[in-house]
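Chemist: Each chain, letter by letter, is given below.
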Amino acid sequence: MIHASLKELAAALAAKTLSSVELTQLYLDRIARLNPELNAFITTDPERSLAAARLADARIAAGQAGPLTGIPIAQKDIFCAEGWRTTCGSKMLENFISPYDATVITRLEREAGMVSLGKANMDEFAMGSSNETSWFGPVQNPWDKTRVPGGSSGGSAAAVAAALAPVATGTDTGGSIRQPAALCNLTGLKPTYGVVSRYGMIAFASSLDQAGPMARSAADCALLLNAMAGFDDKDSTSLERPSEDYCRCLGQPLQGLKIGLPREFFGEGCAAGVMAAVQAAIDEYKRLGAELVEVSLPNSHLSVPAYYVIAPAEASSNLSRFDGVRYGYRAPEYRDLSDMYCKTRAQGFGAEVKRRILIGTYVLSHGYYDAYYLQAQRIRRLIADDFVAAFRQCDVILGPTSPSTAFKQGEKAADPVQMYLSDIYTIAVNLAGLPGMSLPCGFDDQGLPIGMQLIGNYFDEARLLNVAHAYQQASDWHRRTPAGLE
Amino acid sequence: MNQWEVVIGLETHVQLATASKIFSGASTAFGAAPNTQASPVDLALPGVLPVLNKGAVECAIRFGLAVDAQVAGKSVFARKNYFYPDLPKGYQISQFELPVVQGGHVAIAVGQGDKAYEKRVQLTRAHLEEDAGKSLHEDFHGKTGIDLNRAGTPLLEIVTEPDMRSSDEAVAYARALHALVRWIGICDGNMQEGSFRCDANVSVHRPGTPFGTRREIKNLNSFRFLKEAIEYEIRWQIETLEEGGTIQQATVLFDPATGETRSMRTKEDAHDYRYFPDPDLLPLVISPEWIARTKAALPELPEARKQRFIADYGLSAYDATTLTAALETAAYFEAAVAVAGKPGAKPCANWVMVDLAARLNKEGLEITQSPVTAAQLGGLVARITDNTLSNAIAKKVFEALWAGEGSSADEIIEKQGLKQITDTGAIEKLVDEVLAANAANVAEFKAGKEKAFNALVGQVMKAAKGKANPQQVNELLRQKLAG
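Respectively, the protein sequence lines represent chains E and G. For the first sequence, position 90 (counting from the first letter as 1) is numbered 90 according to the numbering used here, and the numbering increases by one without interruption. If you count the second sequence from 1, you need to add 486 to reach the numbering used here.
Pulled out of the complex, with its shape left as it was, chain E reads as follows (with noise of 0.2 Å):
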């Protein structure tokens, strides 16, 4: 039961095989016996998730049912839920309760009547890949406990692969939902920009920023993004689309499929055993009819240093509002308003989340604005218009998600460099605004996850979740659950 799909479960449910309260106990009680090891949850409320469940049934009873009533999931601790513990993985936010919801929490919640396990833990702020920057904590990747499970969605990444939860809410502003589901053999989703709502998703950078599902497959994903997706009046950036079933292409065969092999995702800097997964990956695709075209994204290797322009400029100003004034967390002792905003923020903000603030407030500064930020932005457009002239080419793109496997807690926390190359190959996705996924193509020599990613064109996640579907019909990589966590 604890690896069945998201169709199965709600079949159990509304078969009434099985109760939302039954299946939502029996993530709590594995939640309480792994999670204290895990960490993967920072706040949990059994009373109020079980309360959530009762009305799942009662809704079930009366036949007023959707495909994902009753079914439990794992919230990232970035989306705001009314009376819920918020935290973004900061001390900052420790004992913020939001009074309100994010369009995410109500769209899953209250229409589909999904039943929130907890808050899932996350790197501060979703400045991370590796999950280390919680205040709350790091988190255990489930394939092996030595190891990160990724950031910035960490924890429910681990919730997920440990089947500590069906599915996960996940955020990805440079590759957040994709790193770690592929340290994590899961698989993930981030949208088109605009296609989710961002209203009560705490920001980091605002136009880089897009949430989606986290899943074990990409058939659960497709029915998590219909849940998830869809204009929101109260998010500007929001697009106005006419609403469209993520599930209609999964069956689709590949016959004729172009899959782009950008030559810049296959040279140096990427672990051989990580290189062999997706060269396998690429010929199992070719043997369910697609057909292989080497494209080029010439700009890609600026992606990374124009990415940690944009982002931290952003965040340096998303973050300002966390001052210790009306609410959060304050510096107990000050001297005065100045003397309080400085200790709060030296107090409130990790290491990392502080590097960004300064990174970014220095980007954006008198005089060297034009040299960073204007620069910056003119290679966004750059990268942009690769993935434009590569997709005249090809239908999906295809490479590595990330360049390594789940690597040791600790090995990159003292080198922000080395952890900010772990989003090589994902960030220029987030920089053009486009959908990307990943999910899961084998493992490495220790027994570790691997993920491929497909990029699609903007409004084409139809289109990646069927090609991701058709590899999933003929692979059970994704269908592998890590040892010792029954």
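These are computed hints drawn from the structure, not numbers from a lab. Idealized CB from N, CA, C, for every residue including glycine. Check before you lean on any hint, since a few could be wrong.
Unchecked claim - The calculated label-pair distances, taken between Cβ atoms and stated as ranges, are: (1) D370/E <-> Q734/G: 27 to 33 Å; (2) S708/G <-> R355/E: 32 to 38 Å; (3) R335/E <-> S621/G: 16 to 22 Å; (4) R779/G <-> R378/E: 34 to 40 Å; (5) S621/G <-> E94/E: 25 to 31 Å; (6) A783/G <-> R378/E: 50 to 56 Å.
As the list claims (entries may be wrong) - Listed below are several chain G residues computed to face chain E (Cβ distance under 8 Å; list not exhaustive): (7) F516; (8) G517; (9) P532; (10) V537; (11) G541; (12) R565; (13) P571; (14) E624; (15) G628; (16) I632; (17) P648; (18) D758; (19) R760; (20) P769.
Unchecked claim - Quick list of in silico lysine-lysine cross-link-like pairs, PhoX-like style, CA-CA up to 25 Å: (21) K234/E <-> K566/G; (22) K629/G <-> K343/E; (23) K560/G <-> K234/E; (24) K832/G <-> K601/G; (25) K915/G <-> K951/G; (26) K343/E <-> K566/G; (27) K354/E <-> K951/G.
Start from chain E and add chain G according to the hints.
Modeler: Relative to the frame of chain E, chain G by itself:
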């Protein structure tokens, strides 16, 4: 060589008269209990996002059209970053590089009588932005209270070129702008509540030399303070320079109690606001259709109406300016003329500007609250121009209308028998009686005392209970005395 030229530019924050805030649905009504009109967006809770209020944009378009400016097809909202407790996000959403209104001008009339002149003040730009909240330093025992009701209130910041050369010009501009924003319905103009506040950039220099260093006087919320602050600042700058000192660029505050300005911060500690385009908001796109629709709905503008009053009704420039100072006044005047007829235009103007204005002022009423309607006033003026009423009696009728003693001037004239006596025979009879009864005055007049004539006129009018046509009385008396 002793001459100094004054250079003034104004930045005016006009609070837009929208029901809700510029980026949230919270109410903008003034005077509610602290923080009761602050939504999650206004409080800058984690995760909230701004959504632009189209009503505020509509106000900006109206303004742009009213000052003959360029309404930008595309403008951009930017973040102005600084920390302050009543600035909840740690940044203000404003417009920086691409404002919504670019250029434009406001016509001003300065001075009165011989010294009166007109001038055009060029505008640099006008941009949309949000207001901050309020810090309350009283009543908190050494702590500061924050009220975020005002946070997110829509403002249009209107910036002039350094075109004004005296405090009178600055005040004339501020008054003209104040009248205009009320006229086009984008601001209630309430200066006590902070709906219209000016920052004045002031410098002095010798003609023919480059502009001097300017100091900016912040937050002037009355025309009197604006005038006093500028005049103090000019005196201070000239004195400083003449004593061999230099002016440092600075932001200063005006203290109405002392009538002085004092420096708040200098250029050295000026903020670096780190402006950048707000990624939460798309560029503001205004279509030509939107502009055309707004233009069609715009009332006739004050300058056009003023010119029309001069051309159509033969009013003086001064009268036309006064009557077009507010839309309500202009509308009242024209409604009165519609009843009185065109020959009644000039007397209507006088009645509105003098008698009615004084009476309203005395009772503390707005013209829209006048107990005497425009049609009633027009009806009254019609009876003056057709000689039914003398001016003196007309004032009585006006009072009767004010008191609600009748629904029209005609009704009151009829009821109270106030019709002017114009029958020559009747007046002649009265004149004869008065001459017979006041031989002493007649003798004085004949001895060359002109004053005696006025006494005789007074006697006749008294005998007629004020109703005799004064002109006829005059003429008949002269005839009889000459005869």
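Chemist: Each hint: holds or not?
Modeler: Hints, one by one, checked against the model:
| no. | hint | result |
| --- | --- | --- |
| 1 | D370/E <-> Q734/G: 27 to 33 Å | holds, 28 Å |
| 2 | S708/G <-> R355/E: 32 to 38 Å | violated, 49 Å |
| 3 | R335/E <-> S621/G: 16 to 22 Å | holds, 18 Å |
| 4 | R779/G <-> R378/E: 34 to 40 Å | holds, 37 Å |
| 5 | S621/G <-> E94/E: 25 to 31 Å | holds, 27 Å |
| 6 | A783/G <-> R378/E: 50 to 56 Å | violated, 41 Å |
| 7 | F516 | violated, 22 Å |
| 8 | G517 | violated, 22 Å |
| 9 | P532 | holds, 4 Å |
| 10 | V537 | holds, 5 Å |
| 11 | G541 | violated, 15 Å |
| 12 | R565 | holds, 5 Å |
| 13 | P571 | holds, 5 Å |
| 14 | E624 | violated, 17 Å |
| 15 | G628 | violated, 11 Å |
| 16 | I632 | holds, 7 Å |
| 17 | P648 | violated, 23 Å |
| 18 | D758 | holds, 5 Å |
| 19 | R760 | holds, 4 Å |
| 20 | P769 | violated, 11 Å |
| 21 | K234/E <-> K566/G | holds, 22 Å |
| 22 | K629/G <-> K343/E | holds, 18 Å |
| 23 | K560/G <-> K234/E | holds, 22 Å |
| 24 | K832/G <-> K601/G | holds, 24 Å |
| 25 | K915/G <-> K951/G | holds, 14 Å |
| 26 | K343/E <-> K566/G | holds, 23 Å |
| 27 | K354/E <-> K951/G | violated, 91 Å |
Going down the numbered hints, you'll see the structure goes against 2, 6, 7, 8, 11, 14, 15, 17, 20 and 27, while the others check out.
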